[in-house]
Amino acid sequence: AQTVTQSQPEMSVQEAETVTLSCTYDTSESNYYLFWYKQPPSRQMILVIRQEAYKQQNATENRFSVNFQKAAKSFSLKISDSQLGDTAMYFCAFMRDQGAQKLVFGQGTRLTINP
Amino acid sequence: NAGVTQTPKFQVLKTGQSMTLQCAQDMNHEYMSWYRQDPGMGLRLIHYSVGAGITDQGEVPNGYNVSRSTTEDFPLRLLSAAPSQTSVYFCASSYSTGGREKLFFGSGTQLSVL
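Keeping their order, the protein sequence lines are chains A and B.
Note that this note's numbering has the first sequence beginning at 1, numbered continuously upward.
Note that this note's numbering has the second sequence beginning at 1, numbered continuously upward.
Hints are computed from structural coordinates only; laboratory data are not their basis.
Be careful, since some hints might not be right.
Unchecked claim - Keeping only pairs whose Cα atoms sit at most 20 angstroms apart, straight-line, the calculated EDC-like set for lysine to aspartate or glutamate is:
no., chain 1, residue 1, chain 2, residue 2
1, A, K55, B, D38
2, A, K102, B, D73
3, A, K55, B, D73
4, A, K102, B, E101
5, B, K102, A, E52
6, A, K73, B, D73
7, B, K102, A, D97
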């Protein structure tokens with residue numbers, strides 16, 4: 001079974017700073033997807049960024065980028081020029097490439113951006 | 001295009017009561033699923049369906065029933081609610097082939113069992 005671990009329960013940075021959220025996972029699969037989801041106080045689950053394991057290039061979406069280390073099974077999220085609206089819970093998640101689209105989530109990191 | 005619609009948004013039950021959480025999607029997605037989110041934990045899969053008439057158990061299925069009579073709807077039933085089922089429930093859907101990895105989530109149902 002796959003597991004996802006987020007070792008930082010809470011993080012806090014000043015607006016405009018860069019912050020990195022950590023995620024490690026365990027799987028025997030060779031092809032899979034990794035995700036970062038944002039959950040603001042509204043409770044909505046918002047996809048931030050997605051990485052396909054067979055792609056060596058790290059995914060980037062505007063201020064959000066990942067550092068995907070397949071051999072180390074590490075998948076960190078970097079938020080550049082952080083904004084107050086980035087304040088939220090962030091979840092790392094894993095999905096196998098084959099079979100039903102079951103997401104396995106980490107425990108989450110509560111990120112606070114201070115003015 | 002409404003996406004994934006969950007009702008109700010909030011619900012309070014007494015122990016032993018039954019209820020159904022509704023989930024509907026208008027994107028013609030084959031795959032639908034239910035997750036629960038407990039404090040300090042990520043979402044965990046309860047049940048899922050890969051198409052009408054087909055359902056299967058996820059990680060935490062005990063105490064919940066599902067059925068999938070249409071492509072659009074995937075209700076989650078609590079037959080006899082317990083305080084341990086107090087949680088936030090999310091429904092999600094996606095295509096089964098192209099774009100399968102892109103899940104669309106509903107806005108969640110906050111359930112409290114007293």
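Does the structure break any of the earlier hints, and which numbers would those be? The structure conflicts with hints 1, 3 and 6, although it agrees with all the remaining ones.
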